[in-house]
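Student: Okay, here's what each chain looks like letter by letter:
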Amino acid sequence: MKHFGAIVLVLLAVTGFWVAGSMQQPLLQARRDFHLTRGEPLENTPPMVAFTTVALGGFRGIIADWLWLRSSQLQQDGKYFELVQLADWITKLEPRMAQVWAFHGWNMAYNISVLFNEPTDRWRWVRQGIGLLRDEGLKYNPGEARLYRELGWIYQHKMSGNSDQMNVYYKRWWADEIGELFDGPRPDYKNIPPDRAQRMKELYKLDPALMEQVEREFGPLDWRLPQAHAIYWAWRGKRYATGFDVIQLERMLFQSMADAALQGELFSNPVEGVFIAGPNLALIPKARRAYEQAIAANPGESGMQSGHRNFLRTAIMVLYTHHRLAEARDIFDDLRQRYPAAELNQSLEAYIFGRMTEFLRDVGQREAIDMIMGALQQSWFWLAMGDEDQAQGFQQLARSVWREYMQTRYEKEIAERAGLPPLEQMSEQAREAVKKQLQSDAAKARLVKPAP
Amino acid sequence: MSKVLAIAGIAIRNAIRSRVVVVLLGLLLVAIIALPLTIKGDGTVGGTVQVLLRYTLGAVTLILSIATLWAGCAAISTEVQERQVHLLVTKPVYRAQLWLGKWLGLLILNAGLLALAGAATYALLRWDLRQENLAQFLVAQRVVKPVPVEIEETARKVFDEQKRRGELPPGPPDQILEAIRQQLRQQAYSIPAGLARRFVFELPNAPLPGRPLAVRYKFASSLTGKDPVGCLLVAGAPDRPDRFQKPELTAPAGVHLVRIPPAMLESNGMLTVDIANIHPVPVTMIFAPDDGVQVLVQETSFEMNLVRCLLVALCQLAFLGALAVTIGSVFSLPVAAVTAAYAVMLMNIGGYLQTLTTERNIFGSGDTPGAIDFLLHLIYVGLFWLTKPFQQANPLEPLAGGELIAWSWVGSILLWQVIVAGGAVALLGMWLFNRRELGLPE
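Quick note, the sequences are listed as chains A and B, same order.
For the first sequence, position 94 matches number 94 in the numbering used here, and the numbering has no gaps at all.
For the second sequence, position 403 matches number 1403 in the numbering used here, and the numbering has no gaps at all.
Everything labelled a hint here was simulated from the structure, so no lab data went into it.
Predicted, not measured: the structure shown is a model, and the values here were computed from it.
Each residue gets a CB set at the ideal place from its N, CA and C atoms; glycine is no exception.
There could be a bad hint or two in this list.
Restraint ranges, calculated between C-beta atoms of paired labels, are given here [claimed, not checked]: (1) VAL14(A) x LEU1037(B): 53 to 59 Å; (2) ARG1243(B) x MET97(A): 15 to 21 Å; (3) SER163(A) x ALA1193(B): 30 to 36 Å; (4) ARG96(A) x LEU1037(B): 54 to 60 Å; (5) ALA13(A) x LEU1037(B): 28 to 34 Å; (6) ALA1193(B) x ASP188(A): 25 to 31 Å; (7) PRO1280(B) x MET385(A): 41 to 47 Å; (8) THR1078(B) x GLN24(A): 40 to 46 Å; (9) GLN1131(B) x ALA13(A): 36 to 42 Å; (10) ALA326(A) x PRO1192(B): 52 to 58 Å.
In silico negatives: residues of chain A with every beta carbon more than 10 Å from chain B [to be verified]: (11) ALA6; (12) VAL19; (13) GLY78; (14) PHE81; (15) GLN85; (16) TRP125; (17) HIS157; (18) GLU292; (19) ALA296; (20) ALA297; (21) ALA326; (22) LEU335; (23) GLU349; (24) GLU432; (25) ARG446.
Counterexamples of contact, computed for chain B against chain A with all Cβ distances above 10 Å [to be verified]: (26) LEU1027; (27) ILE1039; (28) ALA1251; (29) GLY1254.
Can you make the complete structure from the sequences, with help from the hints?
Tutor: Below you can see the structure in the form of structure tokens.
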């Protein structure tokens, strides 16, 4: 019996572990019941995270600080290769601090990416930022609205916006990647092959059931474009949002909706090298509704109203140039009623002409594409209708905008990033789009003619 | 010497018999095999190579450093504690020989383990990335800075001219002169819109023809934000009609590499690089004088660089061994271990110590420092100079970054850390051990 004491101690230890283990579930439930945490308590934590958070105790803060200092120094010295690993360790040391995940995701997608000249290098870092937030940050903090917001922001601003000069590459590569998941702009939700559904969930964290809900509420969306993903993540984050996050996520929703309405339908033909994001006119009513709901919910937010006004002004132009006159007139009336201004005290046609002239002075790439595609479609439409004069007029408009825009972007480097596709290529796309809408063979036959 | 070797042999045999070597080998193997499976690179082959080398060899040197400290501290102290040393000192062996034997045993053990770990790391790196073309990443390039722009004479002229006109700002003359120097230096390394600057590089030992050349540059932009700046990089002798040209739309604050055809190097080992700011919007490119523009030239093989890196690491371990054996020959094992750890910590906070040496008012809040401040200042200055030989960069950084570890660096580490610092510690250790009374009653 000389080991009696040791045996008793071992038994005590085993009993202690058993009691602690059996209390785990009730404690987790109590945390949920009393709303002691904003996110779901972590279960089945990976061993590395469990080790760092429990075994290192208070020391993990010191280690995280040291790693953070090293990371900053390396970034300053231009030594980027280690930064992914350091960000991984820092976030794993403090896995429930959303701001740590948010910082590192943003740092990689924004700060590090822009230090590179090559678009492939930049894209790699934007992907690293997305991956950190989407695949890791949200796994450990599924209830943190801030992380949804940060993730959505990368899609909305970094990829969909044009502040980064390489945004065209990001859009193209993202479209190529997502295009491999399903044929066309969105999956056939009822018949997604299991392997595809699994890839969507595992690689892109896209849940087809949730996508379908988003589609019902905000669609039809083109998931090959980043706006759809900004909407998806903002929508998912909204259920956890409180305080300022609510407004931020609502903003992301209606801004991305507006973006998708004006730039959310992809014409892509990899064989021809065609990649044009044009307006998704079906989304305009839903984008309007999203704005209206947000303004009603936040009456004091003047920024929302000014965004709404700008959206309506652009929507009128886009609808008019796409020959959706009734809808353009409807929005024009709405705009006049909500935001009275001197420039609106005239007919729709006179307003459009004034805006066109103003528009040409300081037009951006996406507006130019919208404008040209709209004018070209109008041109083909009127040609199909047998009105060659009108067709000629719209063709002339498209040519003027294209020429005006490219006049200041003729250098190869700038033309590659911010330029427009050749006019002939856009014209061909417009002809195909119009042809699909036509019913009669006679009208279709008129489109065989060369461009007016 | 044969006695020293015999003691070293016994120390090694003891280490093997007590399974220290087996445990160390196991730990090293785990580090070499497991780390590459868990470490994330930046997604590029080059990044993977760098991160593997940096972390795997980093873990190896860390394990060996800790083991050396522990084993060094234990080498003599446990023999004293267990009274085995009583048998030794009765034999015709000097205590200095005992000290040297223990240290040499550690050194040989470290050399063997380091060589094994280095070879295994290299083999695993080759194996892991066997599908990739590693030739462009496994390199050892000398980093050459541009010939400094002569500003001293101009600075003095400006100073004298201002003095003659009575336009010197108030303040001590040496500070005014330094301010003029800084201004001129900044002008010399800045490129305003529409202008170009010339950087001349003298490559020591003209490289063999055909060896890859590259220009590495980094600049700050006078504009806020990170909008890229358009520039034109031209390399080659100024009178050459076919100079290499590369227009770049380049991001400020990033580190950029441009490969230059080896033919652009002049026969006397000179390389001229012109950078023209061709950005359409007025913006100034500002380069740091030291690392703003550098030339990288392949000088030796990666394998040779790896050997040099391991030699530097071995020198550092040799010093750690000397330090630990010395402390262990004075104190008992726990005290020795804590003391050695403290000494190592001091050696690794050189940057902080340097900052402290510039502080005068350490305790006091008044204008004049007190006696304690003065005393602390002296201690910090002393500590800083004492630990200065150990403030050298980690050899793994250049190895992983593909930069040359020059023999001169290996030599300076050998001289300062092993011969000078290690020798001083050894002499101190032998002297203290010699004076230590071993037969004291408990």
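Student: Hint by hint, note whether the structure agrees.
Tutor: Each hint, compared with the structure:
no., hint, in the structure
1, VAL14(A) x LEU1037(B): 53 to 59 Å, "33 Å, violated"
2, ARG1243(B) x MET97(A): 15 to 21 Å, "53 Å, violated"
3, SER163(A) x ALA1193(B): 30 to 36 Å, "23 Å, violated"
4, ARG96(A) x LEU1037(B): 54 to 60 Å, "26 Å, violated"
5, ALA13(A) x LEU1037(B): 28 to 34 Å, "32 Å, holds"
6, ALA1193(B) x ASP188(A): 25 to 31 Å, "55 Å, violated"
7, PRO1280(B) x MET385(A): 41 to 47 Å, "45 Å, holds"
8, THR1078(B) x GLN24(A): 40 to 46 Å, "44 Å, holds"
9, GLN1131(B) x ALA13(A): 36 to 42 Å, "49 Å, violated"
10, ALA326(A) x PRO1192(B): 52 to 58 Å, "57 Å, holds"
11, ALA6, "25 Å, holds"
12, VAL19, "33 Å, holds"
13, GLY78, "3 Å, violated"
14, PHE81, "4 Å, violated"
15, GLN85, "5 Å, violated"
16, TRP125, "8 Å, violated"
17, HIS157, "15 Å, holds"
18, GLU292, "35 Å, holds"
19, ALA296, "36 Å, holds"
20, ALA297, "34 Å, holds"
21, ALA326, "43 Å, holds"
22, LEU335, "34 Å, holds"
23, GLU349, "38 Å, holds"
24, GLU432, "34 Å, holds"
25, ARG446, "45 Å, holds"
26, LEU1027, "18 Å, holds"
27, ILE1039, "6 Å, violated"
28, ALA1251, "5 Å, violated"
29, GLY1254, "3 Å, violated"
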